[in-house]
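Chains A and B, in that order, are what the protein sequence lines are. Heads up: the first sequence begins at 920 in the numbering used here, then just goes up one per residue. Heads up: the second sequence begins at 920 in the numbering used here, then just goes up one per residue.
Don't read these hints as lab results, they were simulated from the structure. It cannot be assumed that every hint is accurate.
The list treats identical chains as one, so a pair stands whether inside a single copy or across any two.
As a list, the in silico DSSO-like pairs of lysine-lysine whose alpha-carbon atoms are at most 27 Å apart [as the list claims (entries may be wrong)]:
(1) K1361 / K1231
(2) K1199 / K1038
(3) K1100 / K950
(4) K1120 / K946
(5) K1199 / K1361
(6) K970 / K950
(7) K1224 / K1361
(8) K1100 / K1081
(9) K1120 / K1081
(10) K1199 / K1277
(11) K970 / K933
(12) K933 / K1277
(13) K950 / K1131
(14) K1131 / K1100
(15) K970 / K1028
What follows is each chain in one-letter form.
2 protein chains.
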Amino acid sequence: MPIDSNKILVDSIKRLLRRGATSHLAKIVNKTHGADLSVLFRSLSLAQQRKLFDMITDVEQKGILFSELEEDIFQDLIEDMPIEGIVEILENMPADDVADIIGRLPEGKSQDILDKMKKAESEEVEDLLRYDDDTAGGIMVPDFISLKEDVTAREAIESLQKEHSDVEMAFYLYVVDEYGKLVGVSSLRQLVVVPPETPLKEFMSTDVFSVKTDMDQEEVARIVARYDILAVPVVDDSNQLVGVVTVDDVIDILRKEATEDILKMAGAGEEFVETKSIFKSTRIRLPWLFASCVGGIFAFFIIGKFESSILKYAYLAAFIPVIMGMGGNIGTQSSTIVVRGLATGRLNVRDIWSVVLKELSIGVILGLVYGALIGSVAQLRYSMEALAISVALAVVSSMSVAALVGSLVPMAFARINIDPAVATGPFVTTAIDIISVFFYFKIATTLLGI
Amino acid sequence: MPIDSNKILVDSIKRLLRRGATSHLAKIVNKTHGADLSVLFRSLSLAQQRKLFDMITDVEQKGILFSELEEDIFQDLIEDMPIEGIVEILENMPADDVADIIGRLPEGKSQDILDKMKKAESEEVEDLLRYDDDTAGGIMVPDFISLKEDVTAREAIESLQKEHSDVEMAFYLYVVDEYGKLVGVSSLRQLVVVPPETPLKEFMSTDVFSVKTDMDQEEVARIVARYDILAVPVVDDSNQLVGVVTVDDVIDILRKEATEDILKMAGAGEEFVETKSIFKSTRIRLPWLFASCVGGIFAFFIIGKFESSILKYAYLAAFIPVIMGMGGNIGTQSSTIVVRGLATGRLNVRDIWSVVLKELSIGVILGLVYGALIGSVAQLRYSMEALAISVALAVVSSMSVAALVGSLVPMAFARINIDPAVATGPFVTTAIDIISVFFYFKIATTLLGI
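With the sequences and hints as input, model every part of the structure.
Dropping the structure here:
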């Protein structure tokens, strides 16, 4: 269903709920994809959500909805549900999604659920829970197809028919040696294209990418994106194949990563919270603004020091916004380019000096252009050379420093393994504000001799 | 190869180039993935790039490199290459990538190349060129596997072996009726799992997502991401199957989209340009700063109007940075949440009033908190109630207006189909700066009676 039609879906579901048209509702709910239902659920009350949820007949459909729902909504929804009902749904979901859900539940509840699950499945889930959430081990599925090198294409197809019917998104068949170590890969495609009696080792590709269980999930996502592969095998320290990360999870990681970076840089938290309450949103955004508040108060004390100069020349104050604005905006440009460049792999943290030098050059050039322009306006308005030159120099220095700080801070943070996005937003802007204001008054009072 | 090892690759290639160790170089180059070579090429001179390129023996490897290279580097690289050489490489690439490349070449050159290509392939490419670059038609591959409903699983496998060996990333088999209209889909997996004589119509899934050729590529990407599918079929106006968009292209689109949004919001152009020259980067960033320059000059004239007040009370000037900063930062938070929310589908453009109202509420609450805090600092410093109250009120109004403008502008732009990201960055910040400064002086001069 195209996304445009979501509005229509929400509206008609609400209408049917009002009318109590149960059988009609059940029909729609069972025909709608879990991803669309999860969007719909955001617009409904808890009671309405429960009503619709109970109408879903297919347990796998319930599972898809479980993994698509936002955390808040999910927790409320399962609050009063009998453990047996939850377990039945979880048992029909891929183990990685189950581990995700279990990992977020309160300790007591998650233990109850694991106890009630079939042994084989709860063990799979517990295996996954051993790995950090945001590593290859935490996002992999432990179901995959692996066969020995001398198995033939025909035998491989037979084993697909018999044994591996529950593997999620199977597009590759992994080949392991007698010790379970990964040695090659074949696509399902190749399997049907070669003569049936060909052993795997004769047509498998030995050029197989793999990642270690402890690799950061964003790194895994970048590898999958970079080499256009659909799944990447995950191996443990002894190179034994233990799982597979599939492309659908990679897409989610890349999107989440981009959202996080954008929000962090704007000082708006890490996760998307628009659907949360006003109170929660306020609480998340409050501390970030504190940085800019402290910085502003700092700038206020700096300007206070130049009070006597302002009393003589009030127009000095009139240039504060333009100088702060120019510095702030070019600083944002620089830090954004660096943060996004690092995230997408276009910039490398080891090139710190060439990147910073380049940004500084751009800052100086743009500073000269806009310094001349704004200085000219000052001259036209007040006809005082010393003032015009002060303003021009202040713009040059503010923009140069901003480009320098805006690129250096995220680069340096990335180098010492602090997330450059979180370190960038309000902190850089605030630092630039303070430096700009200080330079401006220092230059102006010197040149004007006050 | 893990991304970490890129530095090692770059360094050893450069060393080998210096030593002229040709056979060693050729070995490495032919073992390295095209995606890694494209990164390596950024660090090399044109002469070095050509040398390495000529060492690649596999024409498909050359093709992968072609599609991975950045536009600038690619254009320089093929400048002096004989047309026949280029054509040979293009003929071994997927048609969608060829269309991408051809679409970016100068008219004369692209015509030459199309003339020299095999008729079947150039027709495919020309078909693709008819569609807009950023629509489903522009990004689809015209090669796919489609069979009639009554073909059996065994016949389908045979046809895979004989006819469809050149299909890029085949994981689904599409089922069409006698008029070529899409009616179902089967995975390759299902094909080998069912009894060989079962006709497709008995096990195909009829619940098949498809998109129209003119659907925007970002919309296509969102659908693929949302429903966790690996490829989405593209149909023309008469529902005839004409191509397939694969997940690897979707990942590229989603990443590019996020990068564009981030850069646009920061006023740093649309495409990532860090690898371009200082001059080019400067030229791209110059106009965006002009908005903030004009805004700053505007603020300067506003403050000029209050010159006599500042001459009396110089400390009025000291609060300009904190008031501008608080407004600017909360405005950035609001517009970032809205732009990203719209891009990821978490916010819907039809909810404009509820979103704006919520942002405004948050702005008022945070404004009251920080207004009280900053007002108290003013009171402690100057012991003048009227001043402290003016500052507090100015913070409240600045932050409320900023949250309102920061959410309303992108929402409104999205509603009239203007990209909210491009409209947001410097424009919103600048507007907020001007409004904040004006409100502040208006409130202060009124309350202080000057």
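Hints versus structure:
In this homomeric assembly, K1361 and K1231 come within 27 Å of each other (Cα to Cα) both inside a single copy, at 15 Å, and across copies, at 22 Å. For a Cα distance limit of 27 Å, the shortest separation of K1199 from K1038 qualifies neither inside one copy, at 39 Å, nor across copies, at 62 Å. Proximity of K1100 to K950 under the C-alpha cut-off of 27 Å is restricted to the inter-copy arrangement: shortest distance 22 Å between copies versus 43 Å within a copy. In this assembly of identical chains, the alpha carbons of K1120 and K946 lie at most 27 Å apart only when taken from different copies (23 Å versus 49 Å within one copy).
Taking the shortest alpha-carbon separations for K1199 and K1361, neither the intra-copy value of 42 Å nor the inter-copy value of 33 Å comes in at or below 27 Å. Taking the closest pair of Cα atoms, K970 and K950 come within 27 Å of each other only inside a single copy of the chain (16 Å); across copies the shortest separation is 58 Å, beyond that limit. Taking the shortest alpha-carbon separations for K1224 and K1361, both the intra-copy value of 10 Å and the inter-copy value of 24 Å come in at or below 27 Å. Taking CA atoms no more than 27 Å apart as the test, K1100 paired with K1081 passes inside one copy only; the shortest distance there is 23 Å, against 34 Å between copies.
In this assembly of identical chains, K1120 and K1081 lie within 27 Å of each other by CA distance both inside one copy and across copies; the values are 22 Å within and 22 Å between. In the homo-oligomer, the alpha carbons of K1199 and K1277 lie at most 27 Å apart only across protomers (12 Å), although the nearest pairing inside one protomer, at 41 Å, exceeds that limit. Proximity of K970 and K933 under a CA criterion of 27 Å is satisfied intra-copy only: 12 Å inside one chain copy versus 66 Å between copies. Taking the shortest Cα distances, K933 and K1277 sit within 27 Å of each other only across copies (23 Å), while inside one copy they are farther apart (56 Å).
Within a single copy, K950 and K1131 get their C-alpha atoms only as close as 40 Å, which misses the 27 Å cut-off; across copies the closest is 22 Å, which meets it. With identical chains, the CA atoms of K1131 and K1100 are at most 27 Å apart within one copy only, with a shortest distance of 13 Å there and 45 Å across copies. In the homo-oligomer, the alpha carbons of K970 and K1028 lie at most 27 Å apart inside one protomer (23 Å), although the nearest pairing across protomers, at 63 Å, exceeds that limit.
In summary, the structure is inconsistent with hints 2 and 5 from the numbered list given earlier, while agreeing with the others.
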